[in-house]
Amino acid sequence: MVEHDTATGKRTILVSAAQITPPKEKPLAISDYSWSEDFSHLLVFTAAQKVWRVRTRGDYWVLDRKSGRLRKLGGDAPASSLMFAKFSPDGSQVAYVRGNNLYVEDLATGAIRALTSDGSATLINGTSDWVYEEELNLRDGFRWSPDSKSIAFWQFDSTGVEQFSIINNTDSLYPKIINIPYPKAGTKNSSVRVGVVSASGGTPVWINIPGDSRENYLFRMNWTRDGRLVIGQLNRRQDNAIIFTADPQTGAAKEIFRDHDDAWVDIPESQGVREATEAFEWLNGGKNFVWLSERDGWRHAYSVSREGGAPALITRGPQDVMELAAVDPASHWLYFTAAGNDATQRYLYRAPVDHDGPPVRLSPGDQAGTHSYDISPDCRWAFHTWSGFDRPPVTELVSLPEHRVVRTLEENPALRANTASITDPPVEFLRVPLEDGENLDGWLVKPRGFNPAKKYPLIVYVYGEPASTTVVDTWQGKRGLFHRALAAQGYLVASFDNRGTPAPKGRAWRKSIYGEVGVLSARDQTNAVLSLARQRPYIDLNRVGVWGWSGGGSNTLNLMFRSPDLYRVGVAVAPVPDQKLYDTIYQERYMGLPAENAEGYRLGSPINFAGGLRGKLLIVHGTGDDNVHFQGTQELINVLIGKGKPFDFMEYPNRTHSISEGAGTSLHVYSLIARYFQEHLPPGGQEPAGN
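Everything in the sequence shown is counted per the working numbering, starting at 24 for the first residue and increasing by one.
Because the hints were derived from the structure by calculation, they are not lab data. Even for Gly, the Cβ is constructed at its ideal location relative to N, Cα and C. There could be a bad hint or two in this list.
[Unchecked claim] Derived pair list, reagent style DSS-like, types lysine-lysine, alpha-carbon separation capped at 25 Å:
{"no.": "1", "residue 1": "K603", "residue 2": "K534"}
{"no.": "2", "residue 1": "K277", "residue 2": "K199"}
{"no.": "3", "residue 1": "K666", "residue 2": "K639"}
{"no.": "4", "residue 1": "K109", "residue 2": "K95"}
{"no.": "5", "residue 1": "K534", "residue 2": "K501"}
{"no.": "6", "residue 1": "K172", "residue 2": "K211"}
{"no.": "7", "residue 1": "K73", "residue 2": "K172"}
{"no.": "8", "residue 1": "K73", "residue 2": "K49"}
{"no.": "9", "residue 1": "K211", "residue 2": "K666"}
{"no.": "10", "residue 1": "K33", "residue 2": "K109"}
{"no.": "11", "residue 1": "K277", "residue 2": "K310"}
{"no.": "12", "residue 1": "K501", "residue 2": "K73"}
{"no.": "13", "residue 1": "K49", "residue 2": "K109"}
{"no.": "14", "residue 1": "K639", "residue 2": "K668"}
{"no.": "15", "residue 1": "K603", "residue 2": "K668"}
{"no.": "16", "residue 1": "K109", "residue 2": "K211"}
{"no.": "17", "residue 1": "K95", "residue 2": "K73"}
[Stated by the list, open to error] Estimated spans, in silico, between C-beta atoms of each pair:
{"no.": "18", "residue 1": "E458", "residue 2": "T418", "range": "23 to 29 Å"}
{"no.": "19", "residue 1": "H355", "residue 2": "V429", "range": "18 to 24 Å"}
{"no.": "20", "residue 1": "P198", "residue 2": "R637", "range": "34 to 40 Å"}
{"no.": "21", "residue 1": "R34", "residue 2": "G91", "range": "19 to 25 Å"}
Working from the sequences, and respecting the hints, build out all of it.
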């Protein structure tokens, strides 16, 4: 464990490998760590095991830096069975989850107290059920009080939630069946409530949040400085978000703020952020909190008083706040990322909190692309990462607000040098006009030796759902390199963000897809290809392919089935053929409740249009996918068989939604996709007909 002085870079060893080496063992492999507030104790997370998507279960060790004592927490707990261990604010205790129960361990005596005892396969204390983890980024489900005397926690009762069974045929002589309480659209959710329990034990006080606990979501919860709770609630349709303050002694709750949207209220937890939003951003010593709302047509930041009343606008103008980055300790400035004048880019801005004034861009004007920031608590420093579609990322330490580069922390010159050999010709970002007057952002990668006098096949990479965008000027990682490899074989490769994707283009753009997921995207994507071909005669409309993963797999199916005259070859990876088969929180957020929008679910589900298939289609799925179930692909296969439609299919045994487990799997998947296009969509430029 090494400390680096921010200003000078001076390096000091805080904890040596020897200090975190148990007797007769190797040094602990650190998966994560945290410090007590006074830096006297170090908490090390090791032997981490994956729980669905993230490694959140493992072993915890505590090092007392003064005495040098290193000991393992949990007493006689089985190996790798503790979750989310964290110090109390006063540093005297550590709380953690084990077997769906909450425990507190005293660091001085080693005494362990169970704060809950009713945890079971269906009653979950201190962590979350499957759907909350996937769709609301809630994993760590408990919070210490500021005085270290109490813990507030989520409790989930999944009794009555239907079990989905995944069959593992590969790891033993006989199949293993894994059962997951998984609520599909329109079915029963877990019952969820928040309790407060004394760190010394006792009966929890349950917070009295109004409404049916199965028909509302509790998406955020944390303590205020003065020892009260603030809790966020979403109704099942997710068109109302209500913020409550609560008394942890009595459980009484009071509504202080409500946000409404005719489609859905877009909270950070539902936007696929890098980490869970575990707390409210506080202003004015905890008297106000920051709330993002689209109530005026743009996603702006507001200051909301804990005493209630109308929210006060902080950010202004026709610009979306994409992500809150920080609030300075004096509450003078709010730091956030936004796109500026180009929806494909991301920059850091700050806006005044305590007076009126326009946001000011801090990211350098000569660095087009995507900028992300990890800002220090005092807002004087930031780790700044900048990349572009053809530019690998570089991470620097910068001082704020002047954005002065102090030193470069991470850069890979070899990667940059190698990248230069494959990014010629450079990517072209596009604005594609549609006949109804809308414009879609897109990008286009051309093959080496491109000759505009010839006709080239086009492969479209699609996502198209409200959870993500594909057209961003940022380093694309292995998927971007894959697209470059396809282009090198003689293909044009393109992507478009249709209406309804979460681009920074205002509320109307994003919410236009409500109730029409799969319908609007298929129309926009098809029209984008036709529009681009009118502009670029070198696109061969007789050789158009499409591929996508997850929601992009679903849209690939929709395009192959609905526009068979245009899309000749498609690869759908881990698709959702029937929207009724996906989970409650995601599908109902964007489509409404199935009972109230049955026709929308029918029209958006590609399985209902499978009879339109005429081109070459490859469907790919992992049988161990706990997110987008293999069930949907099997149902689609049955429909295609019944309609006499030829298609190709590849299953990956016991792989999850990422289809990445096991040696060689990722290479195999991408090689399969490339080979399918090469076999069925002839690459290379061809002379126009008649030449």
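A quick look at each hint next to the structure:
1. Annotation: proposed proximity of K603 to K534 holds, straight-line Cα distance about 20 Å (limit 25 Å).
2. Only pairs whose Cα atoms come within 25 Å are accepted, and K277 paired with K199 is rejected, the gap being roughly 47 Å.
3. At roughly 15 Å between alpha-carbon atoms, K666 and K639 fall within 25 Å of each other, so this suggested pair holds.
4. Proximity of K109 to K95 is assessed by CA-CA distance (about 14 Å); at most 25 Å being required, the pair is judged to hold.
5. Note on K534 and K501: the hinted pairing is violated, with a Cα-Cα distance of about 30 Å set against a maximum of 25 Å.
6. For a cut-off of 25 Å, the pair hint linking K172 to K211 is broken: about 35 Å separates their Cα positions.
7. For the hint linking K73 to K172, the alpha-carbon distance of about 31 Å lies beyond 25 Å, and the restraint is violated.
8. Taken as a hint, the K73 and K49 pair is honoured in the structure, with Cα atoms around 22 Å apart against an allowance of 25 Å.
9. A hinted pair counts as satisfied when its Cα atoms are at most 25 Å apart, and K211 with K666 does not qualify at roughly 33 Å.
10. A C-alpha spacing of about 29 Å is found between K33 and K109, which places the hinted pair above 25 Å, so the restraint is violated.
11. For the suggested pair K277 and K310, the alpha carbons sit about 15 Å apart, so the restraint of at most 25 Å is met.
12. In summary, the hint linking K501 to K73 is supported, as the alpha carbons are separated by about 22 Å, within the 25 Å threshold.
13. Our distance criterion of 25 Å between C-alpha atoms is met by K49 and K109, whose separation comes to about 24 Å.
14. For the hint linking K639 to K668, the alpha-carbon distance of about 10 Å falls within 25 Å, and the restraint holds.
15. For the hint linking K603 to K668, the alpha-carbon distance of about 23 Å falls within 25 Å, and the restraint holds.
16. Only pairs whose Cα atoms come within 25 Å are accepted, and K109 paired with K211 is rejected, the gap being roughly 33 Å.
17. With a CA separation close to 20 Å, the supplied pair K95 and K73 stays within the 25 Å bound.
18. Distance hint for E458 and T418: a CB-CB separation of about 43 Å, inconsistent with the stated range 23 to 29 Å.
19. The given range of 18 to 24 Å is respected by H355 and V429, whose C-beta atoms sit roughly 23 Å from each other.
20. Taken as a hint, the range 34 to 40 Å holds for the pair P198 and R637, whose Cβ atoms sit roughly 37 Å apart.
21. Under the hint 19 to 25 Å, the C-beta atoms of R34 and G91, about 22 Å apart, fit the expected range.
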